[in-house]
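Visitor: When you get a sec, could you build the whole thing from the sequences and use the hints?
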Amino acid sequence: MDQYKQNFSEDAMEVIADMEKSLLLMETCPDDAELIQQVFRAMHTLKGNSSMFGFKAITEFTHHLESIYEHIRSGQKKISKEIIDITLDSLDHLTYLVKNEGELDAQRQKNHKNLTVRVVTVLKNILDEPNVESNLFATTVQTSAPENAGLKNYHIVFEPYNEIFYNGTNPVYLLEELQTLGNCTIIPNIDSIPSLQDIEPTYCYTSWDIYLATNVSIDTIREVFVFVEGRCKLEINLLPQSEEPLVQQNENTDYPDETIKDILPAVSKTTVTETGKKNVISSIRVPSERLDNLMSLVSELMTLQAKLGTLTDQNPQSELLAVTESLEKISTRLRDNAFSMCLVPIKNMLNPFNRLVRDLANELNKEIDFVTEGTDTELDKNIMEGLADPIMHLLRNSIDHGIEYPDDRVKAGKKRHGQILFKAFCAGVNVYIEIQDDGKGIDPQKIKDKALQKGIISKDEVLSEKEIFNLIFLPGFSTAEQVSEISGRGVGMDVVKRKIEDIRGQIKITSQLNIGTTITIKLPITVSIIDGLLVKINDVSFVIPLAAVDRCFEAPAVQQLNRFNNLIILDGEQIPFISLSEEFDGKENLSGSQEIILVYYDERRVALIVDNIVGKFQAVLKPLGRYFQNMDHISGATILGDGKIALVLDTNKVIEEYLHQKRLATCQ
Amino acid sequence: MSIKLQTQSYLTFKLQNELFAINVGDVLEILEMSPITNVPKSPAFMKGVINLRGNILPVMDARNKFAMPDAEFTIDTCIVVLNIDSGKEPLLVGAIVDSVQKVIDIPDEDIQVSASMGAMYREDFITGIGKVEDNFVMILNIDKVFSADDVYAITES
Numbered sequence: 001m002d003q004y005k006q007n008f009s010e011d012a013m014e015v016i017a018d019m020e021k022s023l024l025l026m027e028t029c030p031d032d033a034e035l036i037q038q039v040f041r042a043m044h045t046l047k048g049n050s051s052m053f054g055f056k057a058i059t060e061f062t063h064h065l066e067s068i069y070e071h072i073r074s075g076q077k078k079i080s081k082e083i084i085d086i087t088l089d090s091l092d093h094l095t096y097l098v099k100n101e102g103e104l105d106a107q108r109q110k111n112h113k114n115l116t117v118r119v120v121t122v123l124k125n126i127l128d129e130p131n132v133e134s135n136l137f138a139t140t141v142q143t144s145a146p147e148n149a150g151l152k153n154y155h156i157v158f159e160p161y162n163e164i165f166y167n168g169t170n171p172v173y174l175l176e177e178l179q180t181l182g183n184c185t186i187i188p189n190i191d192s193i194p195s196l197q198d199i200e201p202t203y204c205y206t207s208w209d210i211y212l213a214t215n216v217s218i219d220t221i222r223e224v225f226v227f228v229e230g231r232c233k234l235e236i237n238l239l240p241q242s243e244e245p246l247v248q249q250n251e252n253t254d255y256p257d258e259t260i261k262d263i264l265p266a267v268s269k270t271t272v273t274e275t276g277k278k279n280v281i282s283s284i285r286v287p288s289e290r291l292d293n294l295m296s297l298v299s300e301l302m303t304l305q306a307k308l309g310t311l312t313d314q315n316p317q318s319e320l321l322a323v324t325e326s327l328e329k330i331s332t333r334l335r336d337n338a339f340s341m342c343l344v345p346i347k348n349m350l351n352p353f354n355r356l357v358r359d360l361a362n363e364l365n366k367e368i369d370f371v372t373e374g375t376d377t378e379l380d381k382n383i384m385e386g387l388a389d390p391i392m393h394l395l396r397n398s399i400d401h402g403i404e405y406p407d408d409r410v411k412a413g414k415k416r417h418g419q420i421l422f423k424a425f426c427a428g429v430n431v432y433i434e435i436q437d438d439g440k441g442i443d444p445q446k447i448k449d450k451a452l453q454k455g456i457i458s459k460d461e462v463l464s465e466k467e468i469f470n471l472i473f474l475p476g477f478s479t480a481e482q483v484s485e486i487s488g489r490g491v492g493m494d495v496v497k498r499k500i501e502d503i504r505g506q507i508k509i510t511s512q513l514n515i516g517t518t519i520t521i522k523l524p525i526t527v528s529i530i531d532g533l534l535v536k537i538n539d540v541s542f543v544i545p546l547a548a549v550d551r552c553f554e555a556p557a558v559q560q561l562n563r564f565n566n567l568i569i570l571d572g573e574q575i576p577f578i579s580l581s582e583e584f585d586g587k588e589n590l591s592g593s594q595e596i597i598l599v600y601y602d603e604r605r606v607a608l609i610v611d612n613i614v615g616k617f618q619a620v621l622k623p624l625g626r627y628f629q630n631m632d633h634i635s636g637a638t639i640l641g642d643g644k645i646a647l648v649l650d651t652n653k654v655i656e657e658y659l660h661q662k663r664l665a666t667c668q
Numbered sequence: 001m002s003i004k005l006q007t008q009s010y011l012t013f014k015l016q017n018e019l020f021a022i023n024v025g026d027v028l029e030i031l032e033m034s035p036i037t038n039v040p041k042s043p044a045f046m047k048g049v050i051n052l053r054g055n056i057l058p059v060m061d062a063r064n065k066f067a068m069p070d071a072e073f074t075i076d077t078c079i080v081v082l083n084i085d086s087g088k089e090p091l092l093v094g095a096i097v098d099s100v101q102k103v104i105d106i107p108d109e110d111i112q113v114s115a116s117m118g119a120m121y122r123e124d125f126i127t128g129i130g131k132v133e134d135n136f137v138m139i140l141n142i143d144k145v146f147s148a149d150d151v152y153a154i155t156e157s
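Which chain is which? The protein sequence lines are A and B, in order.
Residue numbering for the first sequence follows UniProt numbering, beginning at 1 and increasing consecutively.
Residue numbering for the second sequence follows UniProt numbering, beginning at 1 and increasing consecutively.
Because the hints were derived from the structure by calculation, they are not lab data.
Fair warning: there could be bad hints in the mix.
[Stated by the list, open to error] Residues from chain A that face chain B, not an exhaustive set, calculated with beta carbons under 7 angstroms:
| no. | residue |
| --- | --- |
| 1 | Glu300 |
| 2 | Thr303 |
| 3 | Gly625 |
| 4 | Phe628 |
| 5 | Ile639 |
Since the structure is predicted, the reported quantities are computational estimates derived from the model, not experimental observations.
Note that beta-carbon positions come from the ideal geometry of N, C-alpha and C, so glycine has one too.
Guide: Written out as structure tokens, the structure is:
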């Protein structure tokens, strides 16, 4: 049963997320019938599912909400901001309920009551409005009795399949729900129950004939059965109008079956047989753990493939060559496929952002449009997971510090509405995410003053504009003069930067005063494979990520080393250099040739000296594990074709550490 | 996941003439010495990493853990792959030992609580002293000896 509960809560969270999305859209186009329909249907699903699993609190709560939307759907009530606000709050509450399986602590209990009261008040207001038609009561409020006028009689045959209990469905709940729709006579049919010795106790053998007098449409009745679709035989027939409703005179009697059967052929038949309907499954849900497993297996296969390649090169037999070649083709395709499985479109993560902008803008009395672009761009799900928090923080910053108050905007000659543009696009092997706001921008002078004040820079330091903006990412720096409740939650931009770096991304900020700020995040498409240069340092293999490499130089250039302040002249430019063999092993490799790799370090370039460059290598990145957890200069290891291990260098960190040590040394 | 099979069988090994024992439930396999890729700037007792069938296995020198001097690797030197219970996900680590002896049974009643070891070893490293024939073996608490958090603490300082 626990597994079903798990399924329920997963489904419910999805349904709630969908609702949230529709609601936010609804705010911009409140008259979209399709959206209202979606929200209503989602609520109905949630209500039905929760009642099936016995989460009474959720069911009751959703029922009230659903009633409101029933009115909106039928056009009795227009959607208003008040309703959307209440619904969004309710969704938050429902999320909590679902997560905690309906258990509430004291604080939440109060919240629950308050919300229920709010929802019921809204519902009451709707009902009290004079233009409400009387037949409305029948459909939405359980207690009011239906009037006879306009009643239609339905004959419903509900024949669940034997295995219906296996899904956790209790047919009796469905019947109870039917009873709320109108006057109802239910006749169970127990003919198919086998004799005791043949009975399978987990099967359902009962079917029902139901006569229902109601004024709701056939679709509403069908909706009751929406969760057992495909798991039962269901016929709903409209019986011809008679003077008196059939059902009422026949209450509590065994209904003369023949009478109905006689009438049946004459009626307009709207039989729905769900049996023949084939469900084609176009997508399935897979636990992400299994995907991760698949990925690591594929990575191992790639390593093995490389090994086979080396072996084949050593023993070039024509048959072996052919096998290796075709195996390589297949495994490459397998790898690409497996990778694409882990890619998720960015739009999947946007919901909470939409919500955040809306709520925060309301709270701060700002008017902000959140515009998204390129949301079909795909990203590895692991990267996506690491991205949510930093982006939340960046958006909060934009809303709190970036966008001005409407009046101030008008004064500055801008549109009243601020805009935050969330843009994602793919370029080369990277995905870029840009967050642009058209707010007041950042004053470089202010940053500089602040950095001076905090002792991050010294007075006579000359910084380019870019370097000034980069100061924001330093620990202990926060531009907000007063730490506000919204963005000053103890998480600074340094944490944002670190989190982005954790998923091997880079972050950049540009800003123009009074025009706006743009934050660009550059991300790799996947975390597990990188293109790199395979190099040797003291006979140990290392991989330097190609993304960081500018160019490589031949050995003779090394002659022009300036050992005094470690500068090298390349193409007429002075470039600081680090000898990696010296850095890693404390000894200079003076024998043999050396080669130089020019890598980017922020805006500057630094030369790394290695013993030799072996070539380009596609590395399957594996973590070194917890035993090496603070070895920042190594981002992981990869296994070479011959089974040996090469360590993957994080050049930024290598250089940073080098500089740090240098600084310590000069201080002493 | 991390429920380990604890039996009364122990794998004994030598470090500088001292006999140590590890519960076989903690031992995954014993590997021959193979080339180890050193990780630059890592603490001295972290010997590096090896390729264990496509996975990266960190390797430690058990000698360093007991403040014994480094020794030349011989034909007897082995890497014992251990399953460490870190309280979180299961961790694998390789421990370099001078030589692996044999698997012996030590009934629980033959294991004494470790008396004060003086300043020689950290007390929490040893779960007890087992009596085998006329010899004593020190039974190691490998979760403590090869704990990853320890590495972290040492390198931090």
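Visitor: Work down the list of hints and note, for each, if the structure agrees.
Guide: Hints and how they fare:
1. Taking 7 angstroms as the C-beta cut-off, the interface hint given for Glu300/A holds, the closest approach to chain B being about 4 angstroms.
2. At a threshold of 7 angstroms, the smallest CB-CB gap from Thr303/A to chain B is about 5 angstroms, leaving the interface hint in force.
3. The beta carbon of Gly625/A comes within 6 angstroms of a beta carbon in chain B, closer than 7 angstroms, and the hint placing it at the interface holds.
4. For Phe628/A, the suggested interface contact is upheld, since its CB lies about 6 angstroms from the closest CB of chain B, less than 7 angstroms.
5. The closest approach between the C-beta of Ile639/A and any C-beta of chain B is roughly 5 angstroms, which is under the 7 angstroms cut-off, so the hint is satisfied.
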